[in-house]
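Trainee: Protein chains in written order, with the numbering used here: chain A, 6 to 255; chain B, 14 to 260; chain C, 211 to 452.
Among the hints, erroneous ones may be present.
Stated by the list, open to error - To spell it out: a stretch of chain C is covered by chain B in this simulated footprint if at least three of its residues, at any positions, have a beta carbon under 8 Å from a beta carbon of chain B; those stretches are:
#, segment
1, 275-288
2, 409-422
Claimed, not checked - No farther apart than 25 Å at their CA atoms in a straight line, the calculated lysine to aspartate or glutamate pairs in the DMTMM-like style are these:
#, chain 1, residue 1, chain 2, residue 2
3, A, Lys241, A, Asp209
4, C, Lys307, B, Glu208
5, A, Lys10, A, Asp59
6, A, Lys100, B, Asp143
7, B, Lys244, A, Glu104
8, A, Lys68, A, Asp33
9, A, Lys57, B, Asp143
10, B, Lys144, A, Glu104
11, A, Lys189, A, Asp139
12, B, Lys62, A, Glu56
13, A, Lys10, A, Glu82
Keep in mind the hints are simulated off the structure, nothing from the lab.
No experiment lies behind these values; they were computed from the predicted model shown.
Note that CB positions come from ideal geometry on N, CA and C, so glycine has one too.
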Amino acid sequence: MIEVKNIKKSFGKLRVLHDVSIKVGTGDVVVILGPSGSGKTTLLRCINFLEKADAGSLTIGEKTVDFAKCSKKDILEIRRRTAFVFQNYNLFNNKTALENVMEGLVAARGMPRNIARERAEHELEKVGLTDRLDYYPCRLSGGQQQRVGIARAVALDPDVILFDEPTSALDPELVGETLEVIKKVAKEGRTMIVVTHEMSFAEDVADNVVFMDGGYIVEEGTPQKIFTHPEQERTKQFLRRILPQSEYTI
Amino acid sequence: MQMNIQLPDLIASLNSGFRYLPTTFILSFVPLSAGLVFGTLIALVQVFKVPVLRKIFAVFVSIYSGIPSVVALLIYNLLYITQFNKIAAFFGSSLTVREVSPIYVALFTFSLSSIVLMSETIRGALLSIDKGQFEAGYSVGLTTRQILRRIVLPQVVPVILPPLTNHVVGSIKNTSIVMTIGVMDVLNGAIVPAETTYRFLEGYIASALIYWAVNALLEFLLRRLETHTGKFRNTECTDSATEYKND
Amino acid sequence: MIDFFSWQRLADNFPKLLIYLPVTFGIVGIAAAAGILLGMLIAVVCIRRVPVLNQICTVFISFMRGTPMLVQMLVAYYGIPLLLELLFGVDSRRWPKIVFVYITFALNQGAFLSELLRSSILAIPQGQTEAGLSVGLTPFRTFRRIVMPQAARIALPGLSLDVVGLFQETSLVYMVGVIDVLGRAQTIAAQTGHVLECYILIAVFFVVISLLLRSAFSGFEEKLTYGSREPAAEDADEHSAA
Numbered sequence: 006m007i008e009v010k011n012i013k014k015s016f017g018k019l020r021v022l023h024d025v026s027i028k029v030g031t032g033d034v035v036v037i038l039g040p041s042g043s044g045k046t047t048l049l050r051c052i053n054f055l056e057k058a059d060a061g062s063l064t065i066g067e068k069t070v071d072f073a074k075c076s077k078k079d080i081l082e083i084r085r086r087t088a089f090v091f092q093n094y095n096l097f098n099n100k101t102a103l104e105n106v107m108e109g110l111v112a113a114r115g116m117p118r119n120i121a122r123e124r125a126e127h128e129l130e131k132v133g134l135t136d137r138l139d140y141y142p143c144r145l146s147g148g149q150q151q152r153v154g155i156a157r158a159v160a161l162d163p164d165v166i167l168f169d170e171p172t173s174a175l176d177p178e179l180v181g182e183t184l185e186v187i188k189k190v191a192k193e194g195r196t197m198i199v200v201t202h203e204m205s206f207a208e209d210v211a212d213n214v215v216f217m218d219g220g221y222i223v224e225e226g227t228p229q230k231i232f233t234h235p236e237q238e239r240t241k242q243f244l245r246r247i248l249p250q251s252e253y254t255i
Numbered sequence: 014m015q016m017n018i019q020l021p022d023l024i025a026s027l028n029s030g031f032r033y034l035p036t037t038f039i040l041s042f043v044p045l046s047a048g049l050v051f052g053t054l055i056a057l058v059q060v061f062k063v064p065v066l067r068k069i070f071a072v073f074v075s076i077y078s079g080i081p082s083v084v085a086l087l088i089y090n091l092l093y094i095t096q097f098n099k100i101a102a103f104f105g106s107s108l109t110v111r112e113v114s115p116i117y118v119a120l121f122t123f124s125l126s127s128i129v130l131m132s133e134t135i136r137g138a139l140l141s142i143d144k145g146q147f148e149a150g151y152s153v154g155l156t157t158r159q160i161l162r163r164i165v166l167p168q169v170v171p172v173i174l175p176p177l178t179n180h181v182v183g184s185i186k187n188t189s190i191v192m193t194i195g196v197m198d199v200l201n202g203a204i205v206p207a208e209t210t211y212r213f214l215e216g217y218i219a220s221a222l223i224y225w226a227v228n229a230l231l232e233f234l235l236r237r238l239e240t241h242t243g244k245f246r247n248t249e250c251t252d253s254a255t256e257y258k259n260d
Numbered sequence: 211m212i213d214f215f216s217w218q219r220l221a222d223n224f225p226k227l228l229i230y231l232p233v234t235f236g237i238v239g240i241a242a243a244a245g246i247l248l249g250m251l252i253a254v255v256c257i258r259r260v261p262v263l264n265q266i267c268t269v270f271i272s273f274m275r276g277t278p279m280l281v282q283m284l285v286a287y288y289g290i291p292l293l294l295e296l297l298f299g300v301d302s303r304r305w306p307k308i309v310f311v312y313i314t315f316a317l318n319q320g321a322f323l324s325e326l327l328r329s330s331i332l333a334i335p336q337g338q339t340e341a342g343l344s345v346g347l348t349p350f351r352t353f354r355r356i357v358m359p360q361a362a363r364i365a366l367p368g369l370s371l372d373v374v375g376l377f378q379e380t381s382l383v384y385m386v387g388v389i390d391v392l393g394r395a396q397t398i399a400a401q402t403g404h405v406l407e408c409y410i411l412i413a414v415f416f417v418v419i420s421l422l423l424r425s426a427f428s429g430f431e432e433k434l435t436y437g438s439r440e441p442a443a444e445d446a447d448e449h450s451a452a
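Excised from the complex, chain A in its bound form (with noise of 0.2 Å):
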């Protein structure tokens, strides 16, 4: 079970989440919609520390954080029960794709080698990479990149994956397979936490989507509703952006 309890970020005088807080059940997948500027990406950093949060909290599992007033050991802890896939991917350019995905297990983990080659390969097998083991990410295209990210993050085994925007830097024809990809993580029983632009991937895989704007969730609830009844006015100029009419009556 993960959950962030009030959170508060600002970057100088911009305040970018403004007492934010969600929870996410073990297995779950939620997906945050939301323009850009709306806080869900620096939401989503916060949580494994790669933004620091100003103040709330944070608990993953029995482990619980307070973003104020938390030491190097936390975070350590935190990042090591936790994955992320970015938007640019950020494979380890000096690594091989099979490195990539071993690099986490072996030199943070403390992982014997042989086991962590086992299961690397068997990630990259699942995402479909078996072929390309041993290529530098140079030699990749970008959605095969982002397997190797997705791999990489499921290697892990951590109590919730962070999804980035995973297709947003994806060729169109490429998105379609990635997200195939990532329903069969969240099918294999994953907690994870998506933002995302993709809607049917919404549709298909959510559990809960929220919809943020602002630096606020603005409305929370599964896909059905949110698409087809949203409440609140805010929700329907966005959702009228960007899908079809004819997906939801108001």
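Following the hints, complete the assembly by docking chains B and C onto the known chain A.
Mentor: Relative to the frame of chain A, chains B and C by itself:
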């Protein structure tokens, strides 16, 4: 003014110059090492924005890099020659300027300018590292030290090698100015025979050939090193463009 | 110690040295101008792999880059008269020393700049040339009007670095007997026995020139790239709004 080139004189000069190659190597590699060590320190201070030091170093680097090596060498040599005896006496030593080789002045001068130049190169290389590599490292649970050692440093090395090659070659070439302060290096050594035969052109050509050969060899070796440490990089990608398309 | 450094001498020597700065500027100017022309020629030869000339250029560049400037000047000073006598029967023994310096610097710059220009030209996508040809421009005009201006913009940072370095290298010319600021300092040293003030003045000259040059160039670069950076930023915004 001589009107031809004599081969025997050329060979004599080559031999004579060659004997002083170790001095030239010392004059270039000691400063290069100093440059790597202290230059990295200065670069780290600037990149990690250490409060007061950063500004001091930045100002010092931008001013000192404007002073030509020759001028610096002349100034330090002047100070050295005029002040050495006084300072030695102060420390209770009976050494005089005449007994100590001027090579130390040269080493000091070259080290200082090497540190200044290297710090800029290393700073540029550190800044060129994609922040995303750090973030990816943190997100899989690595510590900063692990990221630097396993991910970032291996990527910095091939970036640094081309400018480093220029520094090494430049350093070797720069050593030739010690002629002014009387240090026996390749250049001075190559014209030793000319002092009796007056065949200076052969001497200078001989020294040119020696420098040329040494630098060509160094460039070749460093280029090999660059290819080896940069195996993971784009230069491979342009060759295998077809594989890329078979996604 | 008192007689070691004197502000009075500093002030006295300042005008004496200042009037020799033009010598330095002259060398830099001629070297840069000739260097760019020569460098351009060599770059084109290398890019188009003109049969014999290409090899000669490669050796030439390797030599100029692998040997110290001082050695090059000395070889030129002693060797060029020999060469000219043998090839053209020209007696150059009475030429002013600075001519040999001009020649050496021009050749040196030609070699170094050719590398810079070559990589800048190669950085321009083939598509630009193809577009120029397809609207009917001759290859030469395509190069001059389309490729070169773009290459020039790319080459600018490297060029500014080169010119700053050029200034520093001119400090060597006194070693072959050319009277520039440093040469004048040596005559002052011989006359008065006090030269520290001169050296310090010269160091200051060079530092000031180097700082002025670098800020001038970076201002110039900013003005030049301002126009071409803006559209890229707008594109990025459109993508993220999707």
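Trainee: Hint by hint, say whether it matches the structure.
Mentor: A quick look at each hint next to the structure:
1. With 11 residues bearing a CB less than 8 Å from a CB of chain B, the segment 275-288 of chain C meets the requirement of three and the coverage assertion stands.
2. Coverage of the segment 409-422 of chain C by chain B holds in this model, with 10 residues showing a Cβ closer than 8 Å to a Cβ of that chain against a need of three.
3. Our distance criterion of 25 Å between C-alpha atoms is met by A/Lys241 and A/Asp209, whose separation comes to about 20 Å.
4. With a C-alpha separation of about 22 Å, the suggested pairing of C/Lys307 with B/Glu208 holds against the 25 Å cut-off.
5. Distance check on the hinted pair: A/Lys10 and A/Asp59 sit about 12 Å apart at the alpha-carbon level, within 25 Å; holds.
6. A threshold of 25 Å between alpha carbons decides the hint, and for A/Lys100 with B/Asp143 the separation of about 15 Å falls inside it, so the pair holds.
7. Between B/Lys244 and A/Glu104 the alpha-carbon distance is near 15 Å, which keeps this suggested pair within the 25 Å criterion.
8. Proposed proximity of A/Lys68 and A/Asp33 is supported: the alpha carbons are some 19 Å apart, at most 25 Å.
9. In summary, the hint linking A/Lys57 to B/Asp143 is supported, as the alpha carbons are separated by about 20 Å, within the 25 Å threshold.
10. Restraint check for B/Lys144 and A/Glu104: satisfied, since their Cα atoms lie roughly 20 Å apart, inside the 25 Å limit.
11. Between A/Lys189 and A/Asp139 the alpha-carbon distance is near 24 Å, which keeps this suggested pair within the 25 Å criterion.
12. As the CA atoms of B/Lys62 and A/Glu56 are separated by approximately 19 Å, the hinted pair is consistent with the 25 Å bound.
13. Using a Cα cut-off of 25 Å, the hinted pair A/Lys10 and A/Glu82 holds, with the two alpha carbons roughly 19 Å apart.
Every hint, counting from the list given before, is met by this structure.
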